[in-house]
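Could you build all of it, start to finish, from the sequences and the hints given here?
If you're matching them up, the sequences are chains F and W in order. Residues 62 to 220 (the numbering used here) are what the first sequence spells out, left to right. Residues 279 to 694 (the numbering used here) are what the second sequence spells out, left to right.
If you are wondering where the hints come from, they were derived from the structure by calculation, not from laboratory data. The structure displayed is predicted, hence computed values, not measured ones. Watch out, some of these pointers could steer you wrong.
[Said to hold, decoys possible] With a cut-off of at most 27 Å between alpha-carbon atoms, the simulated DSS-like pairs for lysine-lysine come out as follows:
| hint | chain 1 | residue 1 | chain 2 | residue 2 |
| --- | --- | --- | --- | --- |
| 1 | F | K80 | W | K402 |
| 2 | F | K136 | W | K321 |
| 3 | F | K81 | W | K402 |
| 4 | W | K321 | W | K348 |
| 5 | W | K402 | F | K217 |
[Unchecked claim] Just a few of them, taken from the derived set where beta-carbon distance is under 7 Å, the chain W residues facing chain F:
| hint | residue |
| --- | --- |
| 6 | G362 |
| 7 | E456 |
| 8 | W475 |
| 9 | P530 |
From the three backbone atoms N, C-alpha and C, an ideal C-beta is built for every residue, glycine too.
Residues per chain are reported as follows:
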Amino acid sequence: MQHTARLSDENLRRIEELKKRYPHPQAVVLEALWMWQGEHGWISEDGMRYIAQLLGIPDHHVFGVVSFYTMFNRKPVGKHKIEVCTNVSCMLRNSERILRHIEERLNIKAGETTPDQRFTLVEAECLGSCGTAPVMQIGDRYYQNLDPESVDAVLKELP
Amino acid sequence: MESLLLPQIPDVHRIDIYEAHGGYAMLRAALSKTPDEVTAEVKRSNLRGRGGACFPTGLKWTFMPKDSSKPKYLCINGDESEPGTFKDREIFERNPHLLIEGAVIACYAMGVTTAYLYVRGEYKYWIDLVQKAVDDAYARGYIGTNILGSGFSTDVYIHRGAGAYICGEESALMNSLEGQRGYPRVKPPFPAQNGLWGCPTTINNVETIANVPIILRLGAEAYAKIGAPKHPGPILVGVSGHVNKPGVYEMPTGVPLVDIINIYAGGVPGNKPIKAVIPGGSSTMILRGDALEGVCMDAESLKAAGSSVGTAGLIVMDVDTDLVKVLQRITRFYRHESCGQCTPCREGTGWMEKILTRFCNDDATQADLELLLDVADNIEGNTICALGDAAAWPVQSMIKRFPEEFEKHIQEPAAT
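So, in structure tokens, the structure goes:
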């Protein structure tokens with residue numbers, strides 16, 4: 062089957078390297094999905110089929126994996142996905158205020174994307190950063206010990 | 279106590295600094311012993327797993343078959359997703375070579391030729407830090423083929439998760455590593471017989487493995503004398519919530535919780551009284567703030583107090599905290615993270631969340647309280663893995679120890 066989108070040659074080479082680490086290529090599926098999401102921003106059904114073919118595993122297997130893990134985007138998200146932890150340690154340090162503040166600034170609710178596709182805002186489960194609560198993650202980066210002022214500074218600096 | 283897991287040595291995350299302070303000397307020492315001698319040393323130290331179950335590490339290692347026609351694996355659990363837990367991250371950031379040295383020693387002791395370090399997907403920044411350390415360790419011959427000329431070879435690979443609390447459960451972790459949905463497996467068979475790809479596998483927590491070089495350096499007997507006798511060693515305690523100085527603190531096991539809160543973490547803001555603490559991550563049973571006297575951060579003391587040490591993630595709540603709101607949030611977490619395999623957990627967590635939401639909205643009745651406890655009681659012990667128990671325990675312990683918190687939210691019966 063032909064695919065309109067694919068992984069870069071560099072990532073395809075990397076996948077061949079990673080396959081050597083495991084007795085079965087299926088073990089590379091998370092990493093391959095990370096690569097796909099890194100290149101395309103989200104994981105389409107076409108992307109899932111492509112990765113299934115690449116690793117020689119059934120399509121439904123990749124679908125099942127993607128739908129199990131919360132970090133894989135199954136639909137397009139904004140350029141910056143803002144994930145605000147609201148679990149107990151952050152909640153005790155007023156993460157609610159942080160979430161509401163971002164909602165007001167971006168004029169969207171948690172779970173939504175701004176019309177210009179710049180920001181997606183979501184509530185996150187515990188990010189493992191309870192000592193520096195409240196915390197949010199944008200892309201691979203953690204922003205810690207937040208208050209409304211520092212949130213504003215972060216939002217302003219994002220490209 | 280001298281800091282052993284997170285020593286105050288500037289830049290010890292760098293391999294040259296780590297080596298200059300005796301790093302990898304214990305790997306060299308281990309390779310000059312027999313694997314059984316290394317395992318025996320870990321066994322004598324009485325090290326117990328730091329991932330929550332407190333299982334004796336040396337004993338776990340002896341479950342691995344000595345003669346196996348199949349490859350043997352070590353999984354190091356760095357999924358660290360239990361709310362209130364943020365300690366392994368400190369090891370990744372501040373002392374990754376201690377973890378790597380421990381991993382290679384563990385591999386040697388068990389005859390493992392491939393170790394996987396499974397790290398939660400959100401920790402990308404820390405994964406990159408540890409990957410750099412792993413690359414440096416390969417370059418210096420501490421990992422790879424014929425390590426330090428011993429003839430022993432092993433690989434250490436980092437495997438990134440993608441956001442699923444359940445993958446911290448050891449059998450779900452193995453399924454995730456194999457590239458499947460992170461569903462826990464039915465036990466038995468146990469991982470030492472039938473783990474990754476059906477091969478003998480041991481799963482140890484990051485902090486557990488980081489303790490191994492320390493045991494060899496101090497000697498098992500000296501290590502066993504640190505802290506609480508039945509649960510010895512240094513431990514990383516993460517303190518969060520209503521304290522002035524939240525963070526991860528290294529201490530011997532057995533420190534009183536009140537000292538952890540007041541001395542290490544600087545006390546409660548405004549000197550407010552403590553209403554409650556969750557001692558070891560969100561799954562552990564909640565304790566009353568007025569009943570903390572004499573309760574210490576070790577397995578035996580917390581068991582006697584009606585809770586458990588878990589991951590030593592201590593969450594402190596002051597007198598103004600609405601505990602029902604806290605419980606609703608915790609329960610919502612377990613509903614979200616239930617993998618859905620077992621009906622009591624899949625349905626029960628959602629049911630409990632709905633009831634607790636009624637409490638939060640002051641829309642609950644006395645019958646709701648009984649129903650809530652009944653649902654929790656029917657989840658506990660009736661699921662494949664411990665997530666069901668983890669969801670039930672906070673609910674059961676909160677109802678038992680803080681009935682007044684629920685009463686506040688129960689609707690007055692309408693006057694007739």
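For each hint given before, does the structure comply? Return the numbers of the non-compliant ones in rising order. 2 and 9
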